[in-house]
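A.B. asks: Sequence:
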Amino acid sequence: MSRPHLQIIVGSTRPGRRGHAVATWIHDLAVQHAGFEVRLVDLAEVALPLLDEPRPPQRGQYDHEHTRRWSAIASAAEAYVFVVPEYNHSYNAATKNALDYLAKEWTGKPVAFVGYGGVAAGARAVQALLPVVCALGMLPVTRSVNIPFIRQTVNRDGVFEPAPGLDENATGVIDELLRLTTALSAARLAAPAG
Numbered sequence: 125m126s127r128p129h130l131q132i133i134v135g136s137t138r139p140g141r142r143g144h145a146v147a148t149w150i151h152d153l154a155v156q157h158a159g160f161e162v163r164l165v166d167l168a169e170v171a172l173p174l175l176d177e178p179r180p181p182q183r184g185q186y187d188h189e190h191t192r193r194w195s196a197i198a199s200a201a202e203a204y205v206f207v208v209p210e211y212n213h214s215y216n217a218a219t220k221n222a223l224d225y226l227a228k229e230w231t232g233k234p235v236a237f238v239g240y241g242g243v244a245a246g247a248r249a250v251q252a253l254l255p256v257v258c259a260l261g262m263l264p265v266t267r268s269v270n271i272p273f274i275r276q277t278v279n280r281d282g283v284f285e286p287a288p289g290l291d292e293n294a295t296g297v298i299d300e301l302l303r304l305t306t307a308l309s310a311a312r313l314a315a316p317a318g
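Residue numbers for the sequence shown follow our numbering, beginning at 125 and rising by one.
Everything labelled a hint here was simulated from the structure, so no lab data went into it. Possibly wrong hints are sitting among the right ones.
Quick list of the computed label-pair ranges, beta carbon to beta carbon [said to hold, decoys possible]:
1. Phe273 <-> Arg138: 11 to 21 Å
2. Thr295 <-> Ala168: 23 to 33 Å
3. Pro288 <-> Arg193: 23 to 33 Å
4. Asp291 <-> Arg163: 18 to 28 Å
5. Asp187 <-> Thr231: 13 to 23 Å
6. Thr266 <-> Pro180: 24 to 34 Å
7. Ala314 <-> Ala168: 34 to 44 Å
8. Arg163 <-> Leu254: 18 to 28 Å
9. Arg303 <-> Val155: 11 to 21 Å
Backbone N, C-alpha and C fix where the C-beta goes; we use that ideal spot for every residue, glycine too.
Work the whole structure out from these sequences, hints included.
C.D. replies: What follows is the structure, given as structure tokens:
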């Protein structure tokens, strides 16, 4: 049986961001975990403009090539980890924009979060995202990874240096994501056609 496809999505697109370093760390942990086929998706490279489709995404009728490309990328995954910064007690605009572009591509798929920031460790960003992903029909795992004082955890070479215990916490989140992904896949296979 093939392994399910997991996308690690870098939510921050701004210059000087630390999110890519964090996403690389969680990507490498997921690869070591070996439960998923893992792909890193960088929203800075996806380069979506502010939502510019004339029809609601629930129709799946996209006029723009950038939307069709983003739809194909997101559709290829069976589960997601969003790596998101906390801005002003919430998550960032690029993440919201990327989520809002699509609908059916997200529905019924598990999602986990790695939040990062200052003293609140990205927890408020994750909490603000929960009703959004639920409205899209995604299924969030019960735990998240929260990283405080992000400026102190990325070294001069741009490498994230996790605090003691963070690797284990993140691996536990990946375990939970795999269990949920596997259960949903089995349920889809067992469901009657039609």
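A.B. asks: Confirm or reject each hint.
C.D. replies: Now the hints, each set against the structure:
1. Between Phe273 and Arg138 the C-beta distance comes to about 18 Å, which sits within the given range of 11 to 21 Å.
2. With their beta carbons about 27 Å apart, Thr295 and Ala168 fall inside the hinted range of 23 to 33 Å.
3. Between Pro288 and Arg193 the C-beta distance comes to about 40 Å, which lies outside the given range of 23 to 33 Å.
4. Between Asp291 and Arg163 the C-beta distance comes to about 21 Å, which sits within the given range of 18 to 28 Å.
5. Taken as a hint, the range 13 to 23 Å holds for the pair Asp187 and Thr231, whose Cβ atoms sit roughly 21 Å apart.
6. About 30 Å separates the C-beta atoms of Thr266 and Pro180, a value consistent with the hinted range of 24 to 34 Å.
7. For the pair Ala314 and Ala168, the beta carbons lie near 39 Å from each other, so the given range of 34 to 44 Å is met.
8. A C-beta distance of roughly 24 Å is found between Arg163 and Leu254, which places it inside the suggested range of 18 to 28 Å.
9. At about 18 Å, the CB distance of Arg303 to Val155 agrees with the hint of 11 to 21 Å.
The structure is inconsistent with hint 3 alone, although it conforms to all the rest.
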